[in-house]
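Novice: Sequence:
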Amino acid sequence: VTESLPISLQSCQCLAWKPRPTGVWPCSSESQHVVAGYSDGTVRVFSVSRTEMELKIHPHAAALTAITYSTDGEMILSGGKDGIVAVSSPRTGMTIHVLDDHRGSPITVLQCTRKQYHDFGVEGGELWLATSSDRRVSIWASDWLRDKYELLDWLSFPAPAGPEGLDSLPPSLAAFCPWEHSVLVYVGFGMQKEALFYSLRKKQVLRKISLPAFATSLSLSAAAPFMAIGFSGECWVCPPSSARGETNYAGHDDTVHLCRFAPSGRRLLTASHSAVLVWELTGA
1 VTESLPISLQ
11 SCQCLAWKPR
21 PTGVWPCSSE
31 SQHVVAGYSD
41 GTVRVFSVSR
51 TEMELKIHPH
61 AAALTAITYS
71 TDGEMILSGG
81 KDGIVAVSSP
91 RTGMTIHVLD
101 DHRGSPITVL
111 QCTRKQYHDF
121 GVEGGELWLA
131 TSSDRRVSIW
141 ASDWLRDKYE
151 LLDWLSFPAP
161 AGPEGLDSLP
171 PSLAAFCPWE
181 HSVLVYVGFG
191 MQKEALFYSL
201 RKKQVLRKIS
211 LPAFATSLSL
221 SAAAPFMAIG
231 FSGECWVCPP
241 SSARGETNYA
251 GHDDTVHLCR
261 FAPSGRRLLT
271 ASHSAVLVWE
281 LTGA
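Position 108, counted from 1, in the sequence shown is what UniProt numbering calls 108; the numbers after and before it change by one each time, with no gaps.
Everything labelled a hint here was simulated from the structure, so no lab data went into it. Where hints are given, some of them may not hold.
[Said to hold, decoys possible] Cut-off 25 Å, straight-line C-alpha distance, at most; resulting in silico cross-link-like pairs (DSS-like, lysine-lysine):
| no. | residue 1 | residue 2 |
| --- | --- | --- |
| 1 | Lys193 | Lys148 |
| 2 | Lys202 | Lys148 |
| 3 | Lys208 | Lys193 |
| 4 | Lys81 | Lys56 |
| 5 | Lys203 | Lys193 |
[As the list claims (entries may be wrong)] Here are the computed distance ranges between Cβ atoms for each label pair:
| no. | residue 1 | residue 2 | range |
| --- | --- | --- | --- |
| 6 | Lys203 | Ser168 | 25 to 33 Å |
| 7 | Ala262 | Met191 | 15 to 23 Å |
| 8 | His181 | Ser105 | 22 to 30 Å |
| 9 | Gln192 | Met94 | 38 to 46 Å |
| 10 | Pro19 | Gln116 | 13 to 21 Å |
| 11 | Arg146 | Met191 | 35 to 43 Å |
| 12 | Glu52 | Asn248 | 37 to 45 Å |
| 13 | Ser11 | Ser264 | 30 to 38 Å |
Predicted model only: the values in this text are computed from it and were never measured. Using N, Cα and C, we set each Cβ at its ideal position, and we do this for glycine too.
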């Protein structure tokens, strides 16, 4: 670690890098920013090059559990332990919209992706999803400048009455599929241990992939059709058609609660409570 950002007495619960401007490479260090969500309900934006906080806003009454930028970096989406999702402007520091559709259940995932303006028959250049720990996923189309938010789909996944044999429920996780347009992948506690591929256009599950256990983390590669799924002590990397072609990366002593592909798709980061590992991938 060569530099450190200012720390707070409150704990940082989640963070996200600001996307680099489209068509700009390499990205200037002056434009690199990180947004972080804290246990006191605040959102803080840090400059990486100056290692200082540039903005602090307080859009939530509860601790934050998920945070992300819009694809153009012009909006910050934050989700709280109480299920509230806030949309804030990093330019003005104003919270411009609050959604309470997931109220009562912690937000586990927020993700944005670009879309054609009139795709799905609605206005706006962005799709985004919110996932909560009660196995619900909402998918939205938004036009940030016009403050328009249209609910495209609402998914709710069934589960057994009790988590037999589990000390705690695995997280509910969803992600837009980079290599299959209008499809999202979902994993979580349910009737079966599986990954589901859901089509936003057909409004149905296209296929299912059986898993050896309930997933604890999920990442989809933007460079090639591969997905990483974390479990207790290991992480699988497999093609989206079947888990039979998986490569097993086992190096953790406890649950892999985070896995992320590098943008190139050639490396994979996995993290548990006791270790952070970076893997060189072969064939991905």
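Novice: Verify the proposed pairing of Lys202 with Lys148, using a straight-line Cα cut of 25 Å.
Specialist: Holds, because 24 Å separates the two Cα atoms, which is no more than 25 Å.
Novice: State, for the Cβ atoms of Ser11 and Ser264, whether the hinted interval 30 to 38 Å holds or is violated.
Specialist: This hint holds: roughly 32 Å between Cβ atoms.
Novice: Take a quick look at whether Lys208 and Lys193 sit within 25 Å of each other, Cα to Cα.
Specialist: Holds: Lys208 and Lys193 sit about 10 Å apart, inside 25 Å.
Novice: Within 37 to 45 Å or not, the Cβ separation of Glu52 and Asn248?
Specialist: Between Glu52 and Asn248, where Cβ atoms are some 42 Å apart, the hint holds.
Novice: A range of 35 to 43 Å was offered for this pair. Does it hold for the Cβ distance of Arg146 and Met191?
Specialist: 40 Å, holds
Novice: Do the alpha carbons of Lys203 and Lys193 lie within 25 Å of each other, as the hint requires?
Specialist: Given pair Lys203, Lys193 holds - Cα atoms ~21 Å apart, limit 25 Å.
Novice: Hint check: Lys193 vs Lys148, CA-CA at most 25 Å. Holds or violated?
Specialist: 37 Å, violated
Novice: Kindly confirm whether 25 to 33 Å is satisfied by the beta carbon distance between Lys203 and Ser168.
Specialist: The hint (25 to 33 Å, Cβ to Cβ) holds, given that Lys203 and Ser168 are roughly 32 Å apart.
Novice: I want to verify a distance hint. Is the separation of the beta carbons of Ala262 and Met191 within 15 to 23 Å?
Specialist: 34 Å, violated
Novice: Given a hinted range of 22 to 30 Å, is it respected by the beta-carbon distance of His181 and Ser105?
Specialist: Hint holds: Cβ distance 29 Å, inside 22 to 30 Å.
Novice: Range first: 38 to 46 Å. Now tell me if the beta carbons of Gln192 and Met94 are that far apart.
Specialist: 44 Å, holds
Novice: A range of 13 to 21 Å was offered for this pair. Does it hold for the Cβ distance of Pro19 and Gln116?
Specialist: Hint holds: Cβ distance 19 Å, inside 13 to 21 Å.
Hints 1 and 7, counting from the list given before, are not met by this structure.
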